[in-house]
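Under my numbering, think of the first position of the sequence shown as 629, with each following residue one higher.
Check before you lean on any hint, since a few could be wrong.
As the list claims (entries may be wrong) - Ranges of calculated distance between the beta carbons of each label pair, as one might list FRET restraints:
{"#": "1", "residue 1": "Leu679", "residue 2": "Gln713", "range": "31 to 37 Å"}
{"#": "2", "residue 1": "Asn740", "residue 2": "Leu679", "range": "29 to 35 Å"}
{"#": "3", "residue 1": "Arg691", "residue 2": "His735", "range": "18 to 24 Å"}
{"#": "4", "residue 1": "Ala678", "residue 2": "Gln727", "range": "26 to 32 Å"}
{"#": "5", "residue 1": "Arg691", "residue 2": "Asn657", "range": "29 to 35 Å"}
{"#": "6", "residue 1": "Gln727", "residue 2": "Ser664", "range": "31 to 37 Å"}
{"#": "7", "residue 1": "Glu667", "residue 2": "Pro710", "range": "16 to 22 Å"}
{"#": "8", "residue 1": "Asp722", "residue 2": "Ser680", "range": "31 to 37 Å"}
No wet-lab data here; the hints were simulated from the structure.
Source: prediction; values computed, not measured.
Don't be surprised by glycine CBs; every beta carbon is placed ideally from N, CA and C.
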Amino acid sequence: MSPAHHLFAVEEDSDPNNTLQAYFDKETNFSFDRASQGEEAVEAVRQATALSAPYAVAFIDIRMPPGIDGLQTATQIREIDPNIQIFIITAFSDYSVEQIQHQLSHHVVVLNKPF
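Let the hints inform the model, and build the full structure from the sequences given.
If you want it as structure tokens, here you go:
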């Protein structure tokens, strides 16, 4: 049986991902993939979309050095798949909630760490 929901997380710190992954791994209707950098995440979303197996949700950290940050990652992912649900995860104030919502056309949830 294939999963009903295909989820993705991109974050440099593996602990929160492991928490998310541990939760979703227990649920049989979810598959969960990870990336540690923005470019890697964008490519994974591109490939999944091309294979007609798009991700339903992306959890994206704002800070992911090196390379593009979480907002740039989310923007590029949204361009590839306008239907993906995006959750921005941050412990910092690099961008205001309003800036994030404006950049992503208000279709985003912002979660502050720690959870």
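I'd like to know which numbered hints this structure contradicts. Please list them from smallest to largest. 1, 6
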